[in-house]
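Student: Sequence:
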Amino acid sequence: MKKLYALLAVFALLFSACSNKGSSKTITVGATPVPHAEILEFVKPLLAKEGYTLDIRVFNDYVIPNIAVFNGEIDANFFQHTPYLEQFNKDKNTDLVKTVSVHLEPIGIYSAKLKSIDELPNDGSIAIPNDPTNGNRALELLQNAGIIKLNNEKEIKTKLDIVENPKNIKITEIEAPQLPRTIGDFDLSIINTNFAIAANLNPLKDALLLESKDSPYANILVVKKGNENKDGIKALNKILNSEEVRGFIREKYQGAILEAF
1 MKKLYALLAV FALLFSACSN KGSSKTITVG ATPVPHAEIL EFVKPLLAKE
51 GYTLDIRVFN DYVIPNIAVF NGEIDANFFQ HTPYLEQFNK DKNTDLVKTV
101 SVHLEPIGIY SAKLKSIDEL PNDGSIAIPN DPTNGNRALE LLQNAGIIKL
151 NNEKEIKTKL DIVENPKNIK ITEIEAPQLP RTIGDFDLSI INTNFAIAAN
201 LNPLKDALLL ESKDSPYANI LVVKKGNENK DGIKALNKIL NSEEVRGFIR
251 EKYQGAILEA F
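Oh and the sequence shown: position 62 is 62 in this note's numbering, straight run, nothing missing.
The set of hints was computed from the structure by calculation and includes no laboratory data. Being a predicted model, the structure only gives us computed values, none of them experimental. Glycine residues also receive a C-beta, built at the ideal position from the N, C-alpha and C atoms. Please note: incorrect hints may appear among the correct ones.
Below, simulated BS3-like cross-link-like pairs (lysine-lysine); rule was C-alpha separation at most 30 Å, straight line [claimed, not checked]: (1) Lys44 <-> Lys225; (2) Lys90 <-> Lys157; (3) Lys170 <-> Lys98.
Cβ pair distances, simulated, as ranges [to be verified]: (4) Lys238 <-> Gly146: 40 to 48 Å; (5) Ile64 <-> Lys238: 22 to 30 Å; (6) Asp95 <-> Ala145: 34 to 42 Å; (7) Lys225 <-> Ile64: 18 to 26 Å; (8) Glu119 <-> Asn200: 19 to 27 Å; (9) Asp214 <-> Lys44: 27 to 35 Å; (10) Asn200 <-> Asn168: 26 to 34 Å; (11) Asn200 <-> Val63: 51 to 59 Å.
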């Protein structure tokens with residue numbers, strides 16, 4: 001009987017060791033649904049070949065996944081660009097860092113009322129994202145479209161930096177995920193591509209104007225400072241910048257989303 005108990009104890013220790021080993025090989029990444037979670041789903045079997053399990057946590061928010069990484073609740077996140085990350089670190093006193101750039105989602109101007117930007121009426125209405133960096137992108141896009149003129153001395157501009165508004169346009173700031181749902185309430189809405197696609201808007205067909213392809217707002221993988229050299233993160237970085245992922249982005253999104261590596 002003692003030998004049996006001893007044998008069972010050995011099996012228990014072995015099972016525990018295997019379980020702990022398995023859990024240490026799991027990488028948990030927070031992502032917004034489209035295209036980030038879709039890209040990660042494609043990556044999952046490729047990462048498994050390297051011995052890692054990818055646990056994807058989907059968020060419909062731009063704040064919670066950063067807090068979750070900072071608090072150690074998840075290993076990384078994939079939803080934002082560098083200007084947003086830098087502003088977040090500054091505002092929240094966090095120390096999150098980029099590992100690799102993956103893709104670019106050109107922000108675009110959409111409308112449920114107008115077929116052309118030229119149809120924008122006097123005293124018209126425009127909705128833009130309410131976070132500083134995407135709000136800045138939206139304002140710059142409106143400037144490029146000739147709708148407003150900005151004081152370009154600041155890196156991050158707000159509505160207060162509009163110096164010319166010849167059509168007396170009213171600009172309303174709305175949380176980015178809500179913009180597709182409120183598109184009918186405004187003459188124009190400036191929507192991030194991930195939320196546009198999730199709302200069945202095709203950026204290449206439905207956008208009246210898209211951000212330039214040379215935009216600096218590539219979407220990135222983010223971890224807490226000090227974790228960027230972990231083996232699992234390095235393995236994930238390598239696959240996110242692989243030819244397989246490049247091919248997936250090109251085939252899946254047909255130019256609406258561009259690889260950034």
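Student: Do the alpha carbons of Lys90 and Lys157 lie within 30 Å of each other, as the hint requires?
Tutor: Roughly 16 Å separates the two Cα atoms, so the pair holds.
Student: A range of 18 to 26 Å was offered for this pair. Does it hold for the Cβ distance of Lys225 and Ile64?
Tutor: Holds, since Lys225 and Ile64 (Cβ atoms, about 19 Å apart) stay within the stated range.
Student: Is 26 to 34 Å a correct range for the gap between the Cβ atoms of Asn200 and Asn168?
Tutor: With Cβ atoms ~32 Å apart, the hint holds.
Student: If you check the beta carbons of Ile64 and Lys238, does the distance land in 22 to 30 Å?
Tutor: holds (27 Å)
Student: Quick one, are Lys170 and Lys98 close enough, alpha carbons at most 30 Å?
Tutor: violated (35 Å)
Student: 19 to 27 Å was suggested as the range; check whether the CB atoms of Glu119 and Asn200 agree with it.
Tutor: 23 Å Cβ-Cβ, so the 19 to 27 Å window holds.
Student: Measuring from beta carbon to beta carbon, are Asp95 and Ala145 in 34 to 42 Å?
Tutor: Roughly 37 Å apart at Cβ, these two residues keep to the hinted range, so it holds.
Student: Lys238 and Gly146, beta-carbon distance inside 40 to 48 Å?
Tutor: holds (43 Å)
Student: Is it true that Asn200 and Val63 lie within 51 to 59 Å of each other by Cβ?
Tutor: Since Asn200 and Val63 have Cβ atoms about 25 Å apart, the given range 51 to 59 Å is violated.
Student: Is it true that Asp214 and Lys44 lie within 27 to 35 Å of each other by Cβ?
Tutor: holds (31 Å)
Student: Taken at face value, is the distance from the CA of Lys225 to the CA of Lys44 at most 30 Å?
Tutor: Roughly 24 Å separates the two Cα atoms, so the pair holds.
Checked against the numbered hints above, the structure breaks hints 3 and 11 and satisfies the rest.
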